[in-house]
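Participant: Letter by letter, the chains look like this.
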Amino acid sequence: MGAEGVGGLTPLPLDEDRLSNAAEGGPANRRLFSIMAVLGWALMSYGVYGLIINAAQTHPSSWLVWFLGGIVVHDFLLAPVVIGVGVLLSRAVPDRYRGPVQGALVAGGIVALTALPYVLGFGRSSSNPSALPNNYAAALGILLVLIAAVAAVLVALRRNR
Amino acid sequence: MSSRRRSGRVDRLRVGPLKVDAFTSTLHSQRLAALLGIALGVSFSICFVTGLLSDLIQAPPAWFTWPARPVGLYRVTQGLHVATGFASIPLLLAKLWIAYPRLWAWPPISGLLHLVERISLIPLVGGSLFLLFTGVLNIGFWYPWNFFFPTGHYWAAWITIGALVVHVGAKATIARSALGRSRSLKNAPMPGGLTRRGFLGAVTGAMGLITLTTAGQTFPPLRRLAFLAPYVPGVGPQSFPVVGTPSAETEELAERISAYRLTVSGAVANTFELSLEDLQALPQHEADLPISCVNGWSQTLRWKGVRLSDLVVMAGAPADSSVTVQSLQPGTYDVSLVNPLQLQDPDTMLALEVNGEPLHVDHGFPVRLIGPNRPGVTNTKWVQRVSVD
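From first to last, the protein sequence lines stand for chains H and R.
Here the numbering used here is used: position 103 in the first sequence is 103, and no number is missing along the way.
For the numbering used here, count along the second sequence from 1 and bump the result up by 161.
Bound conformation, chain H alone:
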């Protein structure tokens, strides 16, 4: 998405608003944080308690796999892939047209991820034709074409400017 790792190509703006991996000192307002941390951990403890006393329904080991699995998949698979695509774009697409292309990939990627479970359709069952009745692949295709069309218009406008 953003052109990570290719800062050398163009000088970076000075920007105190930028979020980086620089050191941070922890919570800015220590008192507020302490109060909220106690409250938040009380709520979390209640959640863990409920999870455990209802173990027959929550199957904590399976639950934990899905709870932590999202972090692993997002932080170590999805985000690096997005960064990789961003780096490729920064090399392949001129600065001038890159914005609309990136924007289309952001919007299209999010819509595609959301629709994916229905496109795959594992929840379909012969005993219930009213579950997942649509052609979700076609619906997703139409949305992606729509997004691409908007990006194409924006690119065309920039070319004529």
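These are calculated hints, taken from the structure and not from any lab test.
Heads up, the beta-carbon is just placed ideally off N, CA and C, and yes, glycines get one too.
What you were told as hints is all true, and nothing was included just to trick you.
Here are the in silico distance ranges between beta carbons for each label pair:
1) H/Arg124 - R/Asp550: 38 to 44 Å
2) R/Gly492 - H/Glu16: 56 to 62 Å
3) R/Arg230 - H/Arg159: 55 to 61 Å
4) R/Gly492 - H/Asp95: 57 to 63 Å
5) H/Gly141 - R/Arg384: 20 to 26 Å
6) H/Phe122 - R/His521: 23 to 29 Å
7) H/Leu116 - R/Val203: 21 to 27 Å
8) R/Asn307 - H/Gly25: 38 to 44 Å
9) H/Ser34 - R/Pro231: 40 to 46 Å
10) H/Gly69 - R/Asp172: 31 to 37 Å
Please arrange chain R on chain H, whose structure you already have, making use of the hints.
Facilitator: Chain R alone, transformed into the frame defined by chain H:
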């Protein structure tokens, strides 16, 4: 000297994403993080409150009584739960992207409070992804896990909302100062590519498309656009969706239905049984009521049947009783409770017909419970027993 050597050694670990300036995209902005964070705080709060409410209605503790009116209240709260969850997907993915460099902050920990802050990110990120992912799969009837969805989703929500409280405590001050920055910084020049405004535009666009193509499952004006909705009002036997189907042994079910008797029993003066013909011979009542599914779809239909309170009074029990309605099909949702407020509502009935036809077996033939302001899953199908508590 030795401390310098140690820091030199530690700095050698700063490779890959840990390197200084490894993340150069100006989209990683505190201001964007604050904006998206506030939006997520609001959307997750809506999901949490509407989700808790839905749980209270389905398993009411002694202090909680859910009224029968307004008719469409649950339709609104549960429609909001699912629609807000869908809209949170773009917000969450965008927020995680914006904040991603912080995952690789160096040094990873600076002090006890910072440790607590960072540890709390595990339940925050894990819980947020879990809730949205399991929610989307659940309404799509896909269960690749072993836990029972409502219970697993419910307790994950408490954990996530707790982690969110910790996170707000950690970030409120920095978010406020980021939002208060001067305009020149907000519009810092970009080295090319997507601007912050463009990024927000793309995320908002995705949110709009997802909402437009799913909200029609409960919001009639958008019904024709419900391309991505896992259920579509108007689609199904008798033109409305089915969630709970008759169990696999349909022949056995048909057999039981042919010998159908409704039993009215419990704390009553006289227990009695009624055949389907007996029920049809009783005074019939008609009402337009929505089916408001926990899965987020809803549809208003015309129902006709016997008022539940008529049966309770026939059995010699007071009209303000509590009643348990039981299905002839055993399963997770085979009983439901009707509280006194709902029993006394004239529209709470055992329906024999929908839109002028006898119920389809998938919709509960011969008899199903229907009432105003009830979650769809509590409108028990294939009713065989009414028990006064």
